[in-house]
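Participant: Sequence:
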Amino acid sequence: MKVITGNVTTCNGCLTAMEFDELDIIPAIKCPTCSKLIEVTHPLPTIAIDLNSKSWDEIIEILKVKSGKAFSVGAKKNITLKNGEEYAAQITHRKDKGIILNLLDLYGNDDGVGRMAMNKSCTTKGGYAKTLVRAWLNNEFFELLPDDLAKYIIPTKIDVGNGEFLEDKVFIPSEYELHGRKIHAMYEEGEQFELYKEDWRNRIAGCRDSGYGRWQWTRSVASAEYFCYVGGSGCADYGGAVYERCLRPHFQIGI
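Our numbering puts the first residue of the sequence shown at 96, with every later residue one more than the last.
What the hints contain is simulated information worked out from the structure, not anything from laboratory work. Where is the CB? At the ideal position from N, CA and C, for every residue including glycine. Take these hints with a grain of salt, some might be off.
Derived lysine-lysine pairs resembling DSS-like cross-links, with alpha carbons at most 25 Å apart [claimed, not checked]: (1) Lys172 to Lys159; (2) Lys172 to Lys225; (3) Lys172 to Lys246; (4) Lys159 to Lys264.
Now the in silico label distances, taken between C-beta atoms and shown as ranges [said to hold, decoys possible]: (5) Ile157 to Gly221: 36 to 46 Å; (6) Glu259 to Trp295: 40 to 50 Å; (7) Lys171 to Ile350: 29 to 39 Å; (8) Glu259 to Cys109: 14 to 24 Å; (9) Lys292 to Lys171: 14 to 24 Å; (10) Trp295 to Phe260: 21 to 31 Å; (11) Asp145 to Lys225: 38 to 48 Å; (12) Asp152 to Ser318: 44 to 54 Å; (13) Glu238 to Asp152: 13 to 23 Å.
Working from the sequences, and respecting the hints, build out all of it.
Facilitator: See below:
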């Protein structure tokens, strides 16, 4: 049998896994174990478009007809918050009828404006659910988003470890969603987002001329006092919950 390194399908009869190349225009492949013909469903091609040429209404219409998989990971669309600040919203992860986006430029600058502590004291009691960051993102920050975008933001089910989940309109990623593995976090939370899996440098945000970004919080708990964060070079680290760091808001639009 030809060795192919594309997509994977499974035989419904004997559950043998078979790989096929999405570029091979074939309607079916033959199972090497039981000889059953398995229909091949080819993935949707990505749409090579400039998101800035589409309104949020038009993007939602594409999601209705096609899938989140139709868009390119990393594609960007400029947005202006109600306070006048400008950001690039970037496709981070694709779902069947939705896409998760992040703000490419971190919220919070080098002068400390917009930076936040996770808690008022150096404790992780209550986990991410009880943090100042979570409350601010889903209230004050959400109210800053332009109305034509905000109306399409749907709650995202986020894993906060130990079998617990939250549903938030705006969130920050976990250590696992960024790095694809548990490093300092107490739990493996969620799945690695496509953008960060594609290239580790995508974890670096808020870069300056030196090429280094700024420290950004994740929602992952590292200990009784520390939350995990991403360093300026994209590395995994952890620090006291009382310290102020930048935020990289994520949100999902969909139907």
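Participant: Are the hints correct? Go through all of them and say.
Facilitator: We went through each hint and held it up to the structure:
{"no.": "1", "hint": "Lys172 to Lys159", "result": "19 Å, holds"}
{"no.": "2", "hint": "Lys172 to Lys225", "result": "31 Å, violated"}
{"no.": "3", "hint": "Lys172 to Lys246", "result": "16 Å, holds"}
{"no.": "4", "hint": "Lys159 to Lys264", "result": "20 Å, holds"}
{"no.": "5", "hint": "Ile157 to Gly221: 36 to 46 Å", "result": "39 Å, holds"}
{"no.": "6", "hint": "Glu259 to Trp295: 40 to 50 Å", "result": "28 Å, violated"}
{"no.": "7", "hint": "Lys171 to Ile350: 29 to 39 Å", "result": "21 Å, violated"}
{"no.": "8", "hint": "Glu259 to Cys109: 14 to 24 Å", "result": "38 Å, violated"}
{"no.": "9", "hint": "Lys292 to Lys171: 14 to 24 Å", "result": "18 Å, holds"}
{"no.": "10", "hint": "Trp295 to Phe260: 21 to 31 Å", "result": "27 Å, holds"}
{"no.": "11", "hint": "Asp145 to Lys225: 38 to 48 Å", "result": "40 Å, holds"}
{"no.": "12", "hint": "Asp152 to Ser318: 44 to 54 Å", "result": "45 Å, holds"}
{"no.": "13", "hint": "Glu238 to Asp152: 13 to 23 Å", "result": "21 Å, holds"}
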